[in-house]
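Student: Take a look at the letters that make up each chain.
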Amino acid sequence: MAAVSSQPAAAIRGCGPIPARAGIGLRFQHHRAVVESRPAVAWLEVHTENYMGGGTPLRYLDQIRRDYPISLHGVGLSLGSADGLDLAHLERIRTVAERIEPGLVSEHLSWSMAAGTYLADLLPLPLTEEALDVVCRNIDQTQTRLQRRILVENPSSYLQFAHSTIPEWQFLAAVAARTGCGLLCDVNNIFVSAHNHGWDASAYLDALPPAAIDEIHLAGHTLRQLAGGRLLRIDDHGSRVEPAVWMLYRRALARFGAVPTLIEWDNNVPPLEVLIEEAAHAATLFEGAAKESASADAA
Amino acid sequence: MPTLLDLQHAIYRAIVAGDERDTAIHVVADGIEPAARLSVYRNTFLASLTAALRLSYPAAHRLIGEAFFEGAAQIFVAERPPRSAYLDEYGAGFPEFLTRFPPAAAVPYLPDVARLEWAVNQALHAPDVEPLDVTQLAELSPEDAACLCFVPHPSVGLLRADYPVDAIWRAVLDRDDRALSAIDLAAGPAWLMVERADTAVEVKRMREPEWRFMAELCAGGPLQAVLDSNRDLDAPPLLANHLAAGRFIAVKSADSTVAPQAMEPSP
Chain D
1 MAAVSSQPAA
11 AIRGCGPIPA
21 RAGIGLRFQH
31 HRAVVESRPA
41 VAWLEVHTEN
51 YMGGGTPLRY
61 LDQIRRDYPI
71 SLHGVGLSLG
81 SADGLDLAHL
91 ERIRTVAERI
101 EPGLVSEHLS
111 WSMAAGTYLA
121 DLLPLPLTEE
131 ALDVVCRNID
141 QTQTRLQRRI
151 LVENPSSYLQ
161 FAHSTIPEWQ
171 FLAAVAARTG
181 CGLLCDVNNI
191 FVSAHNHGWD
201 ASAYLDALPP
211 AAIDEIHLAG
221 HTLRQLAGGR
231 LLRIDDHGSR
241 VEPAVWMLYR
251 RALARFGAVP
261 TLIEWDNNVP
271 PLEVLIEEAA
281 HAATLFEGAA
291 KESASADAA
Chain F
1 MPTLLDLQHA
11 IYRAIVAGDE
21 RDTAIHVVAD
31 GIEPAARLSV
41 YRNTFLASLT
51 AALRLSYPAA
61 HRLIGEAFFE
71 GAAQIFVAER
81 PPRSAYLDEY
91 GAGFPEFLTR
101 FPPAAAVPYL
111 PDVARLEWAV
121 NQALHAPDVE
131 PLDVTQLAEL
141 SPEDAACLCF
151 VPHPSVGLLR
161 ADYPVDAIWR
171 AVLDRDDRAL
181 SAIDLAAGPA
191 WLMVERADTA
201 VEVKRMREPE
211 WRFMAELCAG
221 GPLQAVLDSN
231 RDLDAPPLLA
241 NHLAAGRFIA
251 VKSADSTVAP
261 QAMEPSP
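These protein sequence lines map, in sequence, to chains D and F. Numbering of the first sequence is given in the working numbering, commencing with residue 1 and proceeding in unit increments. Numbering of the second sequence is given in the working numbering, commencing with residue 1 and proceeding in unit increments.
Keep in mind the hints are simulated off the structure, nothing from the lab. From the three backbone atoms N, C-alpha and C, an ideal C-beta is built for every residue, glycine too. Honestly, I wouldn't trust all of these hints.
Stated by the list, open to error - A few chain F positions that, by computed beta-carbon distances, are all more than 10 Å from chain D:
1) P58
2) D177
3) E210
What the hints assert, rightly or not - Only some residues are given here: those of chain D computed to face chain F with a beta carbon under 7 Å:
4) T117
5) L159
6) Q160
7) A162
All chains, full assembly: derive it from the sequences and hints.
Tutor: This is the structure we're talking about:
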């Protein structure tokens, strides 16, 4: 099963479920190229926040969703806010979801709103029982309002709180078990956070519940040297996926099986062809994993 | 151990105001100062919101250059951070802020250019709404018609500027130095209407009386009162023109709605 195939794009079913193949993140820069060239990519994911107004972006997406399954990936709902959800924002998400009828809707295990202010980043939570209650309450409210199951993504982080008591992988598993939400396993984020906090990335992956994993993200990151010489890996989605992250992806495939996989690229966005190349590479690993699992079954 | 609410409000202060006193003690150092870890998030906050302002105010950015713009944006972002995650709506107060930003005083028309850019931005992102169905008006009695109020399309904006900012804005975005130097700053005020037509945003120069007529209608003035205060104008063709261009989406009477505002997005 190849993500990038020679079949005509018209054969791809629009606005249906997200297939277990490789897709790419769609950014404004590529709207026109996708409409005009209709690349043979299996599905597309967009940032929900980019389609909350009217005008040109929504027109492009209306057109594109006829040919491709679409996933809505939000960056602003702030599921970890102790203040509770911004209901106006939840309503905007609901409006976009009603219009686009996405195959998947996802958000992050993080928070961005406090004191009525948007902090423009995916901030880490203290991983405590209290935070678990808050996150689950906010996910319950979201799933009820959207009338659908959402996926929650593991974040990249650059700090940990001294009073955290639950490892992140256990926290995610508990969130999925308690709310029925799915998990979006961002393999690059696991790699980044594991480096930054001295975790074992493979052990993290192995601890996630396979049945809950409904999507995988892959992206590039960068190294930043802080005062004192320590290096932090920063999740900037501005380059190709690193070889070590591809290695971790192979492990994820072996553990989770065929899961829709997305190439994300948000900064220094390259030509569409580069994203398609990255998706094709994911598809190659995908096929390899499928063969290995088939031969393992035969043996 | 802080409650989640207290911790998040403390981090909010660390990120917006750079005051990490209440936060750093809760962050694991592990070889990197907690303040340095927090600064990663503060930097992202400042950089991404500055980038959002740069996108909304490209001409203002070019007029004062990257260094001044970044300086202005970072003060503005800390003073008036976004109230929601829908960033297309962020930055409405930036033109007014620029009037109070001393380094920008050398470019007297900068705040007006920024106001035009905000109107363009509003037009660009306004929701899709079906225009008013004018056949609804034909069914009204003359008495009802007299006290009608029009609801403008959310993409329509009216702007009066002391300078010819439409010409400045175009010349700056086109990097047309010759056009820029040919602009007469003393030419008098510009009366502008901004709207999204099909896919592009248009900035139209209007004559003052026609602008005032449209501005009063857009402000929700009852039709008869607006007609009375613009007796010198041949108003019916102007109104017909605005209606035909889809610049109104609904009509209301002073106390009740005659035609409900069309909230359904166009297909």
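Student: Indicate, hint by hint, whether the structure satisfies it.
Tutor: Here is how each hint holds up against the structure:
1. P58: holds, 15 Å
2. D177: holds, 28 Å
3. E210: holds, 26 Å
4. T117: holds, 5 Å
5. L159: Holds, about 4 Å.
6. Q160: Hint on Q160 of chain D: holds, closest Cβ of chain F at ~5 Å, below 7 Å.
7. A162: For A162 of chain D, the interface hint holds, since the closest Cβ of chain F sits about 5 Å away, which is under 7 Å.
The structure agrees with every numbered hint stated previously.
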